[in-house]
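**Student:** Going line by line, the protein sequences match chains A, B and C. In terms of my numbering, the first sequence opens at residue 1 and continues consecutively. In terms of my numbering, the second sequence opens at residue 1 and continues consecutively. In terms of my numbering, the third sequence opens at residue 1 and continues consecutively.
You may find that some hints are simply not true.
Pairs of lysine-lysine residues, derived as DSSO-like cross-links and limited to a Cα-Cα distance of at most 27 Å, are as follows [claimed, not checked]:
(1) C:K257 / B:K79
(2) C:K134 / C:K114
(3) C:K147 / A:K38
Hints are computed from structural coordinates only; laboratory data are not their basis. Because the structure is a prediction, the values reported are computed rather than measured.
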Amino acid sequence: MLEAFTEFFRQMAEEYPRWNFIFFYDERQWNRIVSGMKYTLILSVACVIFSVIIGVVGAWLQGSSNAWVRRSVQGYIQFFRNTPPFVQLLFFYFALGQFTPTILGDDGWTEYPIISNVGWAIISLSFFAGAFNVEIFRSGIEAVPESTREAASSLGFSRLQTYTEVVLPLAFRVSLPALNNNLVNLVKTTTQAIGIAVPELLYESVGIWNDFPSAQYPTMLLLFVAFILLVGILVYGMHRWERAMKIPGYGN
Amino acid sequence: MFQNKIPGITTKPDTDLPVLKPFKARAAGEADDLLFSRWLASIPIYAWFIGMAIILLWPSLAFAANGYGYTEAFQALIKWIPFIVTSGFLFNILISFFAMLIGTIAGIILGLMQISPNSVIRVPAQIITQTFRNSPWLVLLFIVLLALPFEVEVGGVTFRIPDWMKAVFGLCLPIMANIAEIVRGAVQSVPSGQWEASESLAFSRQQTLWQIILPQCFKRMIPPWMNWYAILTMATPLCSLLGVEEIITLSRQAIEAENNRPELLVPFYGFALFIFFAYCYPIARATIALERRYSVKL
Amino acid sequence: MLKKLITKTLATASAFSIMVASAHAACTNDVWNKVMERGKVVVGVKADYKPWGFRDASGAIVGMEIDIAQAMADAMGVELETVAVQSSNRMQFLEQGKTDMFIATMSDREDRRKIVGITSPPYYTSGTNIMAPKALGFKSWEDLRGKDVCGKQGAFYNQVVTNRYGVNVVAFTGNAEAKQALRDKKCVAWVYDDSSIGSDLASGEFDQFEMPLASEDDNPWGLAVPIAERDCVFGNFMSGLIFNMHQTGQLIELEKKWGIQPTKYLVDQKDKYADWLAK
Numbered sequence: 001m002l003e004a005f006t007e008f009f010r011q012m013a014e015e016y017p018r019w020n021f022i023f024f025y026d027e028r029q030w031n032r033i034v035s036g037m038k039y040t041l042i043l044s045v046a047c048v049i050f051s052v053i054i055g056v057v058g059a060w061l062q063g064s065s066n067a068w069v070r071r072s073v074q075g076y077i078q079f080f081r082n083t084p085p086f087v088q089l090l091f092f093y094f095a096l097g098q099f100t101p102t103i104l105g106d107d108g109w110t111e112y113p114i115i116s117n118v119g120w121a122i123i124s125l126s127f128f129a130g131a132f133n134v135e136i137f138r139s140g141i142e143a144v145p146e147s148t149r150e151a152a153s154s155l156g157f158s159r160l161q162t163y164t165e166v167v168l169p170l171a172f173r174v175s176l177p178a179l180n181n182n183l184v185n186l187v188k189t190t191t192q193a194i195g196i197a198v199p200e201l202l203y204e205s206v207g208i209w210n211d212f213p214s215a216q217y218p219t220m221l222l223l224f225v226a227f228i229l230l231v232g233i234l235v236y237g238m239h240r241w242e243r244a245m246k247i248p249g250y251g252n
Numbered sequence: 001m002f003q004n005k006i007p008g009i010t011t012k013p014d015t016d017l018p019v020l021k022p023f024k025a026r027a028a029g030e031a032d033d034l035l036f037s038r039w040l041a042s043i044p045i046y047a048w049f050i051g052m053a054i055i056l057l058w059p060s061l062a063f064a065a066n067g068y069g070y071t072e073a074f075q076a077l078i079k080w081i082p083f084i085v086t087s088g089f090l091f092n093i094l095i096s097f098f099a100m101l102i103g104t105i106a107g108i109i110l111g112l113m114q115i116s117p118n119s120v121i122r123v124p125a126q127i128i129t130q131t132f133r134n135s136p137w138l139v140l141l142f143i144v145l146l147a148l149p150f151e152v153e154v155g156g157v158t159f160r161i162p163d164w165m166k167a168v169f170g171l172c173l174p175i176m177a178n179i180a181e182i183v184r185g186a187v188q189s190v191p192s193g194q195w196e197a198s199e200s201l202a203f204s205r206q207q208t209l210w211q212i213i214l215p216q217c218f219k220r221m222i223p224p225w226m227n228w229y230a231i232l233t234m235a236t237p238l239c240s241l242l243g244v245e246e247i248i249t250l251s252r253q254a255i256e257a258e259n260n261r262p263e264l265l266v267p268f269y270g271f272a273l274f275i276f277f278a279y280c281y282p283i284a285r286a287t288i289a290l291e292r293r294y295s296v297k298l
Numbered sequence: 001m002l003k004k005l006i007t008k009t010l011a012t013a014s015a016f017s018i019m020v021a022s023a024h025a026a027c028t029n030d031v032w033n034k035v036m037e038r039g040k041v042v043v044g045v046k047a048d049y050k051p052w053g054f055r056d057a058s059g060a061i062v063g064m065e066i067d068i069a070q071a072m073a074d075a076m077g078v079e080l081e082t083v084a085v086q087s088s089n090r091m092q093f094l095e096q097g098k099t100d101m102f103i104a105t106m107s108d109r110e111d112r113r114k115i116v117g118i119t120s121p122p123y124y125t126s127g128t129n130i131m132a133p134k135a136l137g138f139k140s141w142e143d144l145r146g147k148d149v150c151g152k153q154g155a156f157y158n159q160v161v162t163n164r165y166g167v168n169v170v171a172f173t174g175n176a177e178a179k180q181a182l183r184d185k186k187c188v189a190w191v192y193d194d195s196s197i198g199s200d201l202a203s204g205e206f207d208q209f210e211m212p213l214a215s216e217d218d219n220p221w222g223l224a225v226p227i228a229e230r231d232c233v234f235g236n237f238m239s240g241l242i243f244n245m246h247q248t249g250q251l252i253e254l255e256k257k258w259g260i261q262p263t264k265y266l267v268d269q270k271d272k273y274a275d276w277l278a279k
C-alpha cells in the first residue's frame, strides 16, 4: 500500500518535472517536513499556554493599587501591541540575546546561551500575544460587576482568592471569543520565526524548494494546505469550546 | 439551572444568572478595531525624538570598547539614508497603497457577496474570506511571489509585473478578507428597523443596500479601514524575506556594503522603525479625528 | 488497476510530447534578438555579496561580476541594466524573462543545468569552507559533527554538509544576520563560499576568526543564459567571452581590482587557455 503510494509520486516526478512531490517518496525530505510540523506545533502550543498565563498575571497586576506596577504593565502592552512581531523577534534574538547569561561550552569558547533561538521565539511570541491577552482578560474582568466582587470580599475572600475563585472563571468564559481570535492570530504569526532560523514548517519548506527547485510547487501546496488545516482545526475546536462555555442569555 | 433560593425573597428573578456587564472588547479584532491607531495617536511627538536619541546612543554605549564607535556608525547611516528612503521606503508605501486599493475594492465586493441571501454566492464568499483570514500572511506572500508569472499577456499586450506588484497581490489577499469582514460587520450592525422601513417603502433589496444601508455604513467603516492600512504598512517588511526591494532589503545590502559591522545593525533597523512610525503617526491622528467626526448616533 | 491505466496514458502522452518537442529544438534566438533590437541587456546580479556584487552609496550595483557583465554588454554593443537578484529567485527571474541572463555567484550544479542554460568554461570557482573562531581550533570537518553552524538559506552545500558530517545548519535569510549570530557565539562557525570568507577575513573586521579547514566541493560558478539559448548564439557567445577573458588575464585583473584573494584557479585557467602563438 505504502509502496504503491511512493511509487506513484516517484513516477509523477519523472513525468512532470515541475510537480516533484519529493517528500512523499524521499525519506529524508519527509523527515524534514515532519520536523518542521513538530516545531510549528511546539511553538504554537507553548506560545498559547505561556501567553494565556502572561495574560492572566498581567490582568491581575493591572488591578494592583501600586501605580508603578500599573504603569509598567501598560508600557509593556503598548510596546508589544504596536510594533511588528517580526521586528520584535529580531530584536529579542539579536539585541537582548547578547545580554543573556551563557554556559561556557567544553571547547572553552562557545557560549551556549541558556535560551536558544526556539526559546527566544517562544518568549517573543508569548509576550506579543500576552499583551493582547492582558487587555482581553481585563475587559472580561470588567464585565464582572463590582457587587459580585464585594459579595466575595464580604464572605472573607482575600483579593487573590476573589480573583482566582470568583472573578477569573466568569471573566474567562466571557472573554473566550476574543481570546480565540487572538490565539488563531498567534498560530499564524509563528511562521515569522523563520527570520531567526527556527526550523518550523515554513523554514523546512523553503529549505526543500531551495535544494530541489523542481519540488517548489508541491511544497508550496503542502505548506498552504497544512496551515489551512492547522488553523482550521484550531478554529473549529475553539468554536466548539466556545459554544460549550457560552453563558446562556448573555450577549446576543 | 441556577436556583435563586434566598430566604425571604419571594419574587421571581429576572434571569437565573448573576447579571454580567457587557463585554467591552478593547483588544479584540471585532468590536474595537482602532487600538493601533489610538495608541499611535496618543504618543506625544517628543517621545519619538527621545527614542531616536536612545537608538543612536546605543552604539556608543554597547561598543565603546571598539574603535569604530558611534560616530562612524551614524555617519554610515547618514550616507545611506537617501538611497534607502527613495529606493526602499518609497516601495513600502507603494506596496501598501496599492494593496489597500485592490484589497478594498475586492473586499467590498466580497463583503457584499457574504450577506447575499443567495447561498450560491454567499457560501463561496464565506469560504474565501475564512481561508484568507486564517492563512499566515508570510505563507501567502511566499506562494504568490514565487508562483505568479512575471509577465501577463492580455489580448496581445504583455504586461510586466514587477516584484513589488506581486507583493501587492500577495498582501491584498488577507486585506481583502479583513475588509470583507468589516463590511459585513458594518452592514449587519445597522438596525433591522432600517431594512424593514425601506421594505415598507417598496425599495428593492439592491436599492436598500446602495441607497440606504451602505451610505450609513460608509462613514463607520472608515476608521477600522484606516487601522488596517496602518497594520498593512507595518507588515510590508515581510516582503524583504522574498527579496522584494524595500527598506529592509536595502538596509541589509547597505550593511553588507559597509562590511557587515555589527554596530550598524541597531542604527539601520532603528532608522527603519523610526521612518515607519513617522509615516503611520499622522495617519493614526487622522483616524482618531475622523472617528470622532463621523461617529454616528443611531 | 485504474492508477496503472492513468499512469500508462500519461506516460505515453508525455513521451509523445517530448518527441514532438525535441524535433523542434532548432535555435530561434528569441532573447538574443530581443536584446539586440532593444539595445539593452538586463543582467541579474547580486547586491549583497561584497565584492562580487554590492551597492555603492548612490545605490548603483558594482562589483567584479558587474564588470564582467559590462564587458559582455560592450562586446554586444548594447547598454547594460543590472537587476538585483538573490539566490532564491535568480533562476526564476531568468525563466520568467525578467532578466536576459545572470551572473550571480551561482554554483554550477546538475539540477540547476536542467532549469537554466549554464555555459562553459566557468568564470570562477569556490569551495565550501567555514569561518570559525581561532580559539576553537578546528582541524577537520569531523570536529563539527553535531554542532550548530550558521549558514545562509538557499546554499546548496547546507544539505551536503549536513548529510556528510552530521552538522546542524542553522540557516538565516541574510549574511548580516548569520555573521551577527556567529559573533554572538550562537553557533560555532559560519559555512559559506571560501572566496567570500577569504574576503571577509581580509577586510580586517574578523580578526578573531580564521578559515581553518580544507575547502571541500570545489565548485565552479556558472553564469546562465535562458536554457533554450544555451547552444545557440547567446550561450556560445558567453562561452567565447569567458574563454577570452581567461586567456587575456582580464579576470585576474578584475580579481585584483576588487581586492579578492588571488586564486590558483584563474592562474591555472589562463595557462590552460594560453594562446599558442604567445608562448
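**Student:** Now tell me, hint by hint, if it's right for this structure.
**Tutor:** Verification of the supplied hints:
Distance hint between K257 of chain C and K79 of chain B is fulfilled; the C-alpha atoms sit about 24 Å from each other, no more than 27 Å. Taking the CA atoms of K134 of chain C and K114 of chain C, the gap is about 41 Å. The hint is violated against a cut of 27 Å. The suggested pairing of K147 of chain C with K38 of chain A holds, with an alpha-carbon distance near 21 Å, which does not exceed 27 Å.
Checked against the numbered hints listed earlier, the structure breaks hint 2 alone; every other hint is satisfied.
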